[in-house]
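Chain A is fixed; fit chains B and C onto it per the hints.
Chains as they are written, first to last, in numbering that gives the first Met the number 0: chain A, 0 to 276; chain B, 0 to 276; chain C, 0 to 276.
Hints listed in this document are in silico derivations from the structure and should not be mistaken for laboratory results.
Check the hints yourself; a few may be wrong.
Identical copies look the same in the list; a pair holds intra-copy or inter-copy alike.
When the alpha-carbon atoms are kept at most 30 Å apart in a straight line, the in silico DSS-like pairs for lysine-lysine are as follows [unchecked claim]:
(1) K264 / K115
(2) K15 / K171
(3) K13 / K171
(4) K13 / K84
(5) K84 / K264
(6) K115 / K15
(7) K171 / K84
(8) K13 / K264
Here are the chains, one letter per residue:
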Amino acid sequence: MTTPADIAAHVLAKLKSTRPLVLCLTNNVVQNFTANLLLAVGGVPVMLNHAEEVRDILHSCANALLINVGTLSTAQAGIMQTAVKCATDAGIPWVLDPVAVGLLTYRTQFCTELLKTPPAMIRGNASEIMALAGVNAATCRGPESGAASSDALEAAQLLSSRTASAVLVTGKTDYMTQGGSTCICTNGHELMTRVTGMGCAMGALAAACTAVADTPLHAAISTAAIMGVCGDRAVARAQHPGSFATAMLDELDSLSPESLRQHAKLTMHEHGGTAIQ
Amino acid sequence: MTTPADIAAHVLAKLKSTRPLVLCLTNNVVQNFTANLLLAVGGVPVMLNHAEEVRDILHSCANALLINVGTLSTAQAGIMQTAVKCATDAGIPWVLDPVAVGLLTYRTQFCTELLKTPPAMIRGNASEIMALAGVNAATCRGPESGAASSDALEAAQLLSSRTASAVLVTGKTDYMTQGGSTCICTNGHELMTRVTGMGCAMGALAAACTAVADTPLHAAISTAAIMGVCGDRAVARAQHPGSFATAMLDELDSLSPESLRQHAKLTMHEHGGTAIQ
Amino acid sequence: MTTPADIAAHVLAKLKSTRPLVLCLTNNVVQNFTANLLLAVGGVPVMLNHAEEVRDILHSCANALLINVGTLSTAQAGIMQTAVKCATDAGIPWVLDPVAVGLLTYRTQFCTELLKTPPAMIRGNASEIMALAGVNAATCRGPESGAASSDALEAAQLLSSRTASAVLVTGKTDYMTQGGSTCICTNGHELMTRVTGMGCAMGALAAACTAVADTPLHAAISTAAIMGVCGDRAVARAQHPGSFATAMLDELDSLSPESLRQHAKLTMHEHGGTAIQ
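Just chain A, with the same shape it has in the complex:
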């Protein structure tokens, strides 16, 4: 029987052997860390800032697309719309990272509009997923979630059934859901929230995984497991955020599929439309 840990190990092996090229249209704060994380784990990051070039690369060699709205500008919004259209036309999977959606009106409207062409996966914290699903989440912590990830499970399942996308809710526990199946990952450490861009870079990894996984849900499971296991290993070496960020990149580089399989804490739940708790 194939376990979720087998799936994650398989996806990591494919990442390392094929090194998918991921076009990352993401926020200004995290571009460097995102690129370094993709390079470490086994991907080729590309960041662009011009609609024509975005079209070029999506029609030539991109394997996946990340849309992260963390520092959305009017100009970037236009480029992102072009990118989603091109990716969809070309059959390239894309991932939406709806940073601070629900808190800020402009990006909430932008993401809602974007979802009319559903992505392979949506990755967000509890507040963001609840906002996208239309469930009100009390929050005023900017990019941080005001809710626990478990609070957002029902919203995630609702959002997934509406868009057919896989939904990955990250937090103390990560939830991955699509098509009546939900997987739970309990790896990872609180220190991951103390490094800027850890969640955003996870969105880029999610995009890389969609390029090589059999299904978006498999990609979501693999993303959570890879980040969580590396978080566990990094915190064993570094207990403060500066050195922890460095240790994460080192662990993402050295993680083997076999080690991922052994240390991933994943459990699968089938629920046929009923939310698990």
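Using the frame of chain A, we list chains B and C on its own:
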């Protein structure tokens, strides 16, 4: 009697317990380091790139605003003007970091105009503070100061009396002045000038401190002490700029209010309008 | 007799003593690492985002200019054209880093146009140099080269003879060529390609070197040797990309001219128009 070190310890304790949300409108080079420094010391960084979103967050949950003109563009200038207006209307303290003012005409005019709505604090190196005060400083080192911080003390006192803002001049010795009081901080190390964005991130910390301190001068004192003490501790562990930057973030995370109180080298001077030397 | 290693040692000594100010018009992903690398090795980085300010600094205190098209936008393209014109008028050397040229049409046309005012040096990977020289290179790895650097030597010599610029092709082996002379550098390590911006920051170092070297070829030789020797030393301390990036900055700070002279693996070839192999 309350010493400056008591003040700094009190402000650090409040930072860690309340974690103020700081909207950082800052330059492209330092956004990542700025966000990581705020997260390490106890703040929530938010970076935005759209006037409407800036308005939204200043009218909902921002506790302080940083304006840093390091890579000012025409578009960003417009967003910054909106931000200063909204912050002032909402009673949210803001900090100006006038990077390379005096050297470059466009940003000098922009900051001069901005100062008509005075901030809680202005943080700059000697050349920048002298330029803002209208005292000519010979410099041609780009973002680096051509003058020693002590040369700028009189200019800082002049600028503070004109704007009523606290002024923090950073350098080998840091000077913090407002309303006839000047405090001097002798913590810190030259290696801090060898990491890009150390001063800019200090401006973001200054903004966080204005959100929790009793007065802008207290915020300025706390900012200088926190950075200086962490610099002293980091250089004991790391003597080269790459590992020093990492060590700074680790020290900012682990610094306790009690340790700050013990190691801060702060002296207070009352002068009723006469410059101390 | 002056060896290439003597040249590199001389240029490094001048970098550390004069600290040239380098205006870096570069991509969003690498600005922080670029600035930190220049500060570590001995330069003053300045990044700007406004045509007027670019003119100001090129007419006052800049010593060199870097143009890196990694995340070229329409607005940045205009600023870059202004910068190249001002630098040329002011006699300030500039370096072109044609990231992903050949793969993306917009930037290929932009760089081709820019080359009508030839730079002091062009630094690129094999694919980029072949594309600029009009030799087709099969590649679809985004910013990574699809060809080995040795494949691009002939193209580099062609490009150099056409523009009179020094050409630096980076890869497993680095080739530096100009005016009938070619130098080969075999320092460096594959891990350098696993850190984002290592090549881009090398372009900024190249610009700094053009400000202090006797000839652009000397600058190219020095750039390759400095990066390569520091790469060798860093990999002896750090075998994974996170800690390797930190170690690189530390080594760039501590590298002495004498140590560079001893460890640089440089060989010079005179060829009078015939390609060496």
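Could you check the structure against the hints above and give me the numbers of any it violates, in ascending order? 1, 5, 6, 7
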